[in-house]
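Undergrad: Chain by chain, the residues run as shown.
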Amino acid sequence: MAIFSVAGLHVAFGMSKVVQGVSFAVEPGKTLAIVGESGSGKSASLLGATGLLPPAATVSGSVLHKGEQLLGLPAREMRKRRGAEIGFIFQDPLSNLHPLKTIGEQIGEAVTAHRRVGRTELRELVLGLLADVGIRNPAARINDYPRQFSGGMRQRVMIAAAIALNPGLIIADEPTTALDVTVQASILDLLKRIQQDHGAAMIFVSHDLAVVSDIADDVLVMRSGQVVEQSSARVIYHAPRQAYTQELLGAARLGGLAARAPEPLPPPPPKPNLLSISGVWRSFAGRSRVGGRLIRPVLQDVSFDIGENEIVGLVGESGSGKSTIGRLVAGLDQPDEGKLSMRERVYSRPGPGGIDIDRQLRSEIQVVFQDPYASLNPRRRVRSILAEPFIVGTQLDAVAIRRRVQELVLDVELNEDLLDRFPAQLSGGQRQRVAIARAIALEPSLVVADEPVSALDVTTQVKIIRLLQTLRERKKLSLLFISHDLGVVSELCDRVIVLDKGLAVDAGETAKVFGAPRHPYTRKLIDAIPGKSLQESTMPQKVAAHG
Amino acid sequence: MVRSIVGLLLRAASTLLIVLVIAFFITRIAYRNPAAMLAPRNASQQAIDAIAHALRLNEPWYLQLWYYLYRGPDIQGAPMGLAHWPPGLGYSFRKQTAVTDLILSKVPVTLSLALGAVVIWMTLSIILGVVATRRQGSWIDSSISGVAYVSLSVPTFLSGILISYFLFFQLSNYGIFWFPSSGYVPLTENPLEWARHLALPWLTLALAEIGIFQRVVRASMLEVLGEDYIRTARAKGLPEWRIYYDHALKAALNPVITLGGLELAVIMGGAIVTETIFGLDGVGRLAINSALEGDFPVIIGTTIFAAACFVLCTFVIDIITRWRDPSSIS
Amino acid sequence: MAEVHALAGTEVFEGRRDVVRSYGSLVIGALLREKSFRAGVIIIAFVAVGAMLAPAVAWLLGHGPTEQFRDTALTEMGLPTGPTLEFPLGADGNGRDVLVRTLYGARVSLAIAIPATTLAMIIGTAIGLVSGFLGGRIDRIVSQGIDIALSFPFIVTALSLLTLNRGADGKVLVAPSLVVVLIITLFSWTYFARLTRGLVLVLRRSPLVEAAQTIGASKAHIILREILPNIAPVILVYWAVQLPTNIVAEATLSFLGVGVQAPEPSWGTMIAEAQRSSLYQVQPWFLLGPGIALFLTVAGFNTLSAGLRNVLDPRRHSG
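Protein chains in written order, with the working numbering: chain A, 1 to 547; chain B, 1001 to 1330; chain C, 2001 to 2319.
Because the hints were derived from the structure by calculation, they are not lab data. There could be a bad hint or two in this list.
As the list claims (entries may be wrong) - With a cut-off of at most 16 Å between alpha-carbon atoms, the simulated EDC-like pairs for lysine to aspartate or glutamate come out as follows:
id: 1; chain 1: A; residue 1: Lys66; chain 2: A; residue 2: Glu85
id: 2; chain 1: A; residue 1: Lys101; chain 2: B; residue 2: Asp1281
id: 3; chain 1: A; residue 1: Lys101; chain 2: B; residue 2: Glu1227
id: 4; chain 1: B; residue 1: Lys1095; chain 2: B; residue 2: Asp1281
Stated by the list, open to error - Short, incomplete list of chain A residues facing chain C, as computed with Cβ under 7 Å:
id: 5; residue: Arg79
id: 6; residue: Phe284
id: 7; residue: Gln360
Note that the Cβ used here is the ideal one computed from N, Cα and C, for glycine as well.
Same shape as in the complex, but just chain A (with noise of 0.2 Å):
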């Protein structure tokens, strides 16, 4: 018997439907995964159907918890089974939690909403929830601010404040996408147990078909505010009838890493080098030393190269320092120790002045960053944004530009008419497209591409990977590709090193990395990975193209 159940739910903002005509139903101790991209509507239907959205929503159709219609009650009994019966977990918790209290009185204040607790029983159940939910030494946190936690752990806060009151039914709406992949692996666990202990009902909306793989025993898929598919799980994942739900299973990258085709042919000798890192230090806390060393260094003796043609990935988790690996060598910033060096001439050292890159050096280390929206100026055409780089970098006249740009615009199959609007009227994917031909404009020889997929829809990343495949193969560049993903770095990588904390733990081909990683982070990493129970049932064929 289903707990919640929904049928023909409709959501509007005025003119624009944002769910149409959407029906789903959930049973106690079951996990209903609801998946889609952005503006798929997944996580309108939730908030509408339990009433959390805006009053500028209307919402219609029919919502039935434990038999009773939702739709229509007085807010006041709305109020009541929220929290108490139905547990909500939202994607970011830095902004989910109420900075100015702390997480002692936000976790009570889920249960004082709805029953009355002395003091005391009340500090009694929130130190016990806390310890449910993993978080080590209550006692001594119970009177921290949200900021004072981690990102894991303050979802475990949110959990915790969710299940206070034992409620039959959990919304988690993308709980994992905010956070690193070893710490969602472990809140998927914590998710998991929960619902066990519980007997709970859960509903886990996702863009990722990988990270629900392992949870889900119902899935739906939807887009553009429809569903496109619903099944069980089993039927989703191996045998899924819908081209869109297949498209979304292409682009999730199961469970394993890419297969590469192995060399057929003996290795070719090793590219020329073009780029070179050797024993950089970097710390944000200052040039102080103690004994010798830096304080907290974001960055200890890390050196690689990076050869001609050839696709380096840098993977880590936050805090990593990838990022700042990507500046460097893009000379943003400069080392507080080591050198970087391209083509045997040092461009960037410690001390002041130490960043010299002639305008040269200049056009051949260009950067593609995550958030194309960010790094294009709102108020200029794509015309103007992709025309700068020749205007700043070279000597040619107004009509050779104009050429050039079109002839970019093509490079990064982008269509002409494109050129006259401006970047907020064009879609994540276009503006990406538009990022990536500003970058091989003045024809670099590297491009520093800093997380350039992780913005965007899963079907969307597939195209843009296969863009950067296509030139590198067209413009013979090298390409330092900076991501979390491992998925994405394994399919498109030649060579992979790993950071983690600051040190490359770490180094070599994608396949050996991967196929079998020497150091103890990398398999966590590799682990961490959603989707294993699906990587099982495929595995002989992982094992024919390893060869």
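Let chain A serve as the given structure and place chains B and C on it in line with the hints.
TA: Then chains B and C, alone, in the frame of chain A:
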């Protein structure tokens, strides 16, 4: 935390010092023959010279500055220089008193005016702001906004005149003398009279400020209510009133506190217009009268006093903001 | 939404997938649709027209702004007349035409406040840009400078500076109105500088600026072509917010007898005269003429700025 407090303190002190020096130079340059201006009318040249000598006006400027900043010879028995406590800010020949004493005697009036007004406008602004937010878009919201708009568009001197006219003059035509239009009664003497005499000035100041603050509260509340953690609070099933007063208001108060401190500082430095219209003998009135008369020791003194209030208030505001949310350090 | 886009007022692009004529045209279109902006523009236009027509009205009525008509305007007891055909808003205590003086007063207010605010905007923005972008010691010095400038009390310092304006013989060196403009500029530039500095500090770390750096753009190029166009909307909104404050500042100075001097018609001096002589109790328009005019102008600009803010700065970066 302690380090930043010390840093703020140092900065406040250096700001005040530089203000002092600049004020000194402006007034020395602006008021060309200060001894003559300060002496009583028809004073003999001898008397003027005596004054010039007493004020050390013929000594080199750097010495005069030194006397002023650190320690100088007493003038007519009044200590000179900041190295005393309370700091000696000079001597006024017009009024035959030490400047510091003069200012300190006027402070209770200005303080009563300022603090009373602050309490009134802050309370009303917060209440009206939250009410307007809860009923956003309704006629209540629009009418409160309308009134706020009007009150902030009327300059203080105009509203002061109108308030004095309607609530004093017109009422007095009917024999109602609730609100006197001028004068001051110290709090310690008679609290009721104290409040009655300050009622109209408080109203004048508060009206102008409510216009600004109600809208700041409302805008800040609306912004906070759009935040994710408010949605989380709703998801826990908390009642609306708690969400507004306990969650939203707490987070929305930052800009209100900052602005409130600034406005308080400005009023403490002298609500010149209000004090003039309502005949209150406060620091502001002292300042403008001295400025018009050319009594430059008092001019410098009141300028320093105003600057000190400003620096003190911003310092306190900085501390309060950081204490509430240490992560907001820019 | 990326910080830079939040600043640049890109809401105007909402949902437009076609080729747009220009950002400016989108903004103007959005402004014209905004109720507050329209209302504000109408009120301001009314005031501006009044100011421009002042000489014409004076000529029509035959009353100059400073001419006294004691025989026609004052009664035997010396009290000014109320509104008549000859004096549409009545006369003041010296027999001068209130309507004509009110209209001329509009000229004074606008002619002082608008240049002062604009000058303050230019100076303050320039300082804020340089200080925020270069950071380090320059920034610290400028920040302290702003603190110092803000600490000075407005009126007393204004009076001291105006007194500076007198030569040894007691005559004024420079036209007082010019000095008032300078004083108001001196007390307003700090707000623009603080605002700009804050915005630049945010943008300096954004990928937008770093992308420009990797292309090899010079600092000047980055400041002028990447940062400035993106903070201009917020700064313009603040100009409209600060303007009514400066109008009130000028009126307050003249009310206290510190700014524009009699017999020049300024709303502040007119209101001061009315209050000092208490003649407004007999001839209310003596007070209400300039009073309502002042209120309308300030309210008009406040409404205009609210409309501008709704379109260009809905996230209220301008405070």
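Undergrad: State for each hint whether it applies.
TA: Hints versus structure:
1. Lys66/A - Glu85/A: holds, 10 Å
2. Lys101/A - Asp1281/B: Given pair Lys101/A, Asp1281/B is violated - Cα atoms ~45 Å apart, limit 16 Å.
3. Lys101/A - Glu1227/B: holds, 15 Å
4. Lys1095/B - Asp1281/B: holds, 14 Å
5. Arg79: With a minimum Cβ separation of about 30 Å from chain C (threshold 7 Å), the hint on Arg79/A is violated.
6. Phe284: At about 13 Å, which exceeds the 7 Å cut-off, the nearest Cβ of chain C leaves the hint on Phe284/A violated.
7. Gln360: violated, 10 Å
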